[in-house]
Amino acid sequence: MTARGAPSRFLGAALCCGLGRYVRQLQRLQLLFSPVAPDARGARQFVEERAAEFARGHPEVVLYVRNQGGAAPVLRAEYLNGTVREELIANKTSEEIAQLATKLANQSGLDVVRIRKPFHTDNPSIQGQWHPLTNKPPALLVRGPRLAPPQ
Amino acid sequence: MNKNILFLLQHFRGRKNRCYKLAVRSVRRAFVKSTKARKEKKRLLRALWITRIEAASLEHGLKYPAFISNLLKSQVELNRKMLADLAIYEPKTFKSLAALAQRRRQEGFLAALGDGKEPEGIFSRIVHHY
Chain A
1 MTARGAPSRF LGAALCCGLG RYVRQLQRLQ LLFSPVAPDA RGARQFVEER AAEFARGHPE
61 VVLYVRNQGG AAPVLRAEYL NGTVREELIA NKTSEEIAQL ATKLANQSGL DVVRIRKPFH
121 TDNPSIQGQW HPLTNKPPAL LVRGPRLAPP Q
Chain B
1 MNKNILFLLQ HFRGRKNRCY KLAVRSVRRA FVKSTKARKE KKRLLRALWI TRIEAASLEH
61 GLKYPAFISN LLKSQVELNR KMLADLAIYE PKTFKSLAAL AQRRRQEGFL AALGDGKEPE
121 GIFSRIVHHY
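The listed protein sequences derive, respectively, from chains A and B. Under full-length UniProt numbering, residues 1 to 151 are what the first sequence spells out, in order. Under full-length UniProt numbering, residues 1 to 130 are what the second sequence spells out, in order.
Isolated chain B, as found in the complex:
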C-alpha cells in the first residue's frame, strides 16, 4: 500500500515525499485537485485559444469580436481551437480568413446604412444545405 502512494508523489516538496502520514494527506488533496482541474482545463484552454486568435486578428487589423461574429455570419464554423492552430501553423490561411471577415463586415455596414438600392453583398449570401 505504501509503495503505491510513494511512487505517485516523488515530485512533491519537503517531507511529503518521504513520510507516510504526511504523504497520505497530500496525495488525497492532489487527487481532489486533479479531478476539479478537469473542468478548469477546458476553460483555460479556451481562454488561451481566444487570446491567440485575438493577437493574430489584431495583426491583420480586426478585433476579436468582429472577427468571430463575421466568420459565423459567413457560415465558416471553425472552432477556436482550429482557428488558433491555423493562426500558428498556417498564417496565410488565417490571413485569408481575416480578409473574409473584413469583407463580410463591410457588406454588413453597407446593408445597414445603405438604402437597399445597392446590390446585396456576395459574401452575405447564405448557403442552404438541404
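With the rest of the complex left out, here is chain A:
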C-alpha cells in the first residue's frame, strides 16, 4: 500500500489510558446469529458454554445476544469512541469465537491503520522551542547605525 493511498494516523492513547487507571475501551459486544442456520453452530455453542464465563471475566463489557434472521452470523463490537467493528463468526468453533471476543475486548477503538510515528508527546519542548531569535543577542546590546550612542 502506498503512504497516501492508504489511510494513516498518529499514535494516540484512547482516553489517556496511560495516565489514569486502565479503562476498557470496549463498550458492548453484540452476538447476532440465527438459531437455525448451520453456520451459526459455533455461535450457539459459544452462547451455551462460554458466554457466561466471558461476561463474568469482563465486567465492563455488556454482552447482547440477538436473533439475526437470514444474514450471516456476526460479532459486533462497539467502542467508547464510537467505532463499530464487525467480525464474521460463520463456521467457527466456540473456542475461536471466545478468542476473537477476548481480542476485541483488549483492543481500543482506534483505527487499525498505519501509525506514522511510534512515539508521541503533547509537550515536545521543555526549554522552549527554537525560534529565530533564541540565539541572537538582545536588542540593547547590538550596536547598529540606528541605535543612539549611550550617554
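Derived by calculation from the structure, the hints in this document are not laboratory data. One thing to keep in mind: the hints can contain errors.
What the hints assert, rightly or not - Under the rule of at most 27 Å between Cα atoms (straight-line distance), these lysine-lysine pairs were calculated in the DSS-like manner: (1) A:117 with B:33; (2) A:136 with A:117; (3) B:95 with B:81; (4) B:63 with B:95; (5) B:21 with A:117; (6) B:41 with A:117; (7) B:21 with B:36; (8) B:81 with B:33; (9) B:39 with B:95; (10) B:92 with B:63; (11) A:117 with B:36; (12) B:63 with B:41; (13) A:117 with B:81; (14) B:73 with B:92; (15) A:136 with B:63; (16) A:117 with B:42; (17) B:42 with B:63; (18) A:136 with B:16; (19) B:42 with B:81; (20) B:21 with B:33; (21) B:63 with B:73; (22) B:63 with B:81; (23) A:117 with B:92; (24) B:81 with B:36; (25) B:41 with B:16; (26) B:81 with B:41; (27) B:16 with B:33; (28) A:136 with B:95; (29) B:16 with B:36; (30) B:81 with A:136; (31) B:95 with B:73; (32) B:81 with B:92; (33) B:42 with B:73.
Once you've looked at the hints, dock chain B against the given chain A.
Just chain B, lined up with the frame of chain A:
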C-alpha cells in the same frame, strides 16, 4: 478486484483515477516506487537532520564536521536524529553540546601544537566502562 485498486488511487491525476486499464498500470508503478522509496527515505531523513544540525551549530560558531567529530571524541554518542530534535526543541542543551565540542576542539589543538609540557585537557580524558 476493481474496488480494491480504485480506492487506492483516488488522489491520482487525470483518467488514472477513473479508468481501469490506466489505473492498473499506474497502481503497479506506485507500488514499485513506494518499495524503492523506503531506502531513499532513510537517506533523505539523514540528510535533513545533517542540514538542521549544521544550521544550529553554525549559530553557535561551529562547523558541522568539527561539531560531530569533537562530540564523538568526547564520547557523546548521540545520533543525528536526536541532535536535530535537541536543536529544535531544547536549544539550551544544544548550546551546551556546542560549547563542549568547542572546548574539546581547543584541547585537541593544544595537545597537537603544545609540547606536552602543558597539562592534558580535562575533556579529552576517555571514560572506560568495564
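Hint check:
A C-alpha spacing of about 21 Å is found between residue 117 of chain A and residue 33 of chain B, which places the hinted pair at or below 27 Å, so the restraint holds. A threshold of 27 Å between alpha carbons decides the hint, and for residue 136 of chain A with residue 117 of chain A the separation of about 33 Å lies outside it, so the pair is violated. Note on residue 95 of chain B and residue 81 of chain B: the hinted pairing holds, with a Cα-Cα distance of about 16 Å set against a maximum of 27 Å. At roughly 13 Å between alpha-carbon atoms, residue 63 of chain B and residue 95 of chain B fall within 27 Å of each other, so this suggested pair holds.
Distance hint between residue 21 of chain B and residue 117 of chain A is unfulfilled; the C-alpha atoms sit about 35 Å from each other, more than 27 Å. The suggested pairing of residue 41 of chain B with residue 117 of chain A holds, with an alpha-carbon distance near 14 Å, which does not exceed 27 Å. Distance hint between residue 21 of chain B and residue 36 of chain B is fulfilled; the C-alpha atoms sit about 24 Å from each other, no more than 27 Å. Between the alpha carbons of residue 81 of chain B and residue 33 of chain B the distance comes to roughly 25 Å, so the proposed pair stays at or under 27 Å and holds.
A threshold of 27 Å between alpha carbons decides the hint, and for residue 39 of chain B with residue 95 of chain B the separation of about 32 Å lies outside it, so the pair is violated. Only pairs whose Cα atoms come within 27 Å are accepted, and residue 92 of chain B paired with residue 63 of chain B is accepted, the gap being roughly 18 Å. Under the criterion of a C-alpha separation no larger than 27 Å, the hint pairing residue 117 of chain A with residue 36 of chain B is consistent with the structure, at around 20 Å. Note on residue 63 of chain B and residue 41 of chain B: the hinted pairing holds, with a Cα-Cα distance of about 25 Å set against a maximum of 27 Å.
The straight-line distance between the Cα atoms of residue 117 of chain A and residue 81 of chain B is roughly 14 Å, inside the 27 Å bound, and the hint therefore holds. Between residue 73 of chain B and residue 92 of chain B the CA atoms are separated by roughly 21 Å; this keeps the pair inside 27 Å, and the hint holds. For the suggested pair residue 136 of chain A and residue 63 of chain B, the alpha carbons sit about 18 Å apart, so the restraint of at most 27 Å is met. Annotation: proposed proximity of residue 117 of chain A to residue 42 of chain B holds, straight-line Cα distance about 14 Å (limit 27 Å).
The hinted pair formed by residue 42 of chain B and residue 63 of chain B meets the criterion: a straight-line CA distance of about 23 Å does not exceed 27 Å. Under the criterion of a C-alpha separation no larger than 27 Å, the hint pairing residue 136 of chain A with residue 16 of chain B is inconsistent with the structure, at around 51 Å. Restraint check for residue 42 of chain B and residue 81 of chain B: satisfied, since their Cα atoms lie roughly 11 Å apart, inside the 27 Å limit. Restraint check for residue 21 of chain B and residue 33 of chain B: the C-alpha separation of about 19 Å stays at or below 27 Å, so the hint holds.
For the hint pairing residue 63 of chain B with residue 73 of chain B, the CA-to-CA distance comes to about 16 Å; that is within 27 Å, so the pair holds. For the suggested pair residue 63 of chain B and residue 81 of chain B, the alpha carbons sit about 18 Å apart, so the restraint of at most 27 Å is met. Restraint check: the Cα-Cα separation between residue 117 of chain A and residue 92 of chain B comes to about 26 Å, which is no more than 27 Å; the hinted pair holds. Taking the CA atoms of residue 81 of chain B and residue 36 of chain B, the gap is about 22 Å. The hint holds against a cut of 27 Å.
A hinted pair counts as satisfied when its Cα atoms are at most 27 Å apart, and residue 41 of chain B with residue 16 of chain B qualifies at roughly 26 Å. Straight-line distance between C-alpha atoms of residue 81 of chain B and residue 41 of chain B comes to about 14 Å, which keeps the hinted pair within the 27 Å bound. Annotation: proposed proximity of residue 16 of chain B to residue 33 of chain B holds, straight-line Cα distance about 16 Å (limit 27 Å). Of the supplied pair hints, the one linking residue 136 of chain A and residue 95 of chain B holds, its CA atoms being roughly 12 Å apart against a limit of 27 Å.
Restraint check for residue 16 of chain B and residue 36 of chain B: satisfied, since their Cα atoms lie roughly 21 Å apart, inside the 27 Å limit. Proposed proximity of residue 81 of chain B and residue 136 of chain A is supported: the alpha carbons are some 24 Å apart, at most 27 Å. Straight-line distance between C-alpha atoms of residue 95 of chain B and residue 73 of chain B comes to about 18 Å, which keeps the hinted pair within the 27 Å bound. Between residue 81 of chain B and residue 92 of chain B the alpha-carbon distance is near 17 Å, which keeps this suggested pair within the 27 Å criterion.
About 25 Å separates the Cα atoms of residue 42 of chain B and residue 73 of chain B, which keeps this hinted pair within 27 Å; it holds.
In terms of the numbered hints stated before, the structure departs from hints 2, 5, 9 and 18, listed from lowest to highest.
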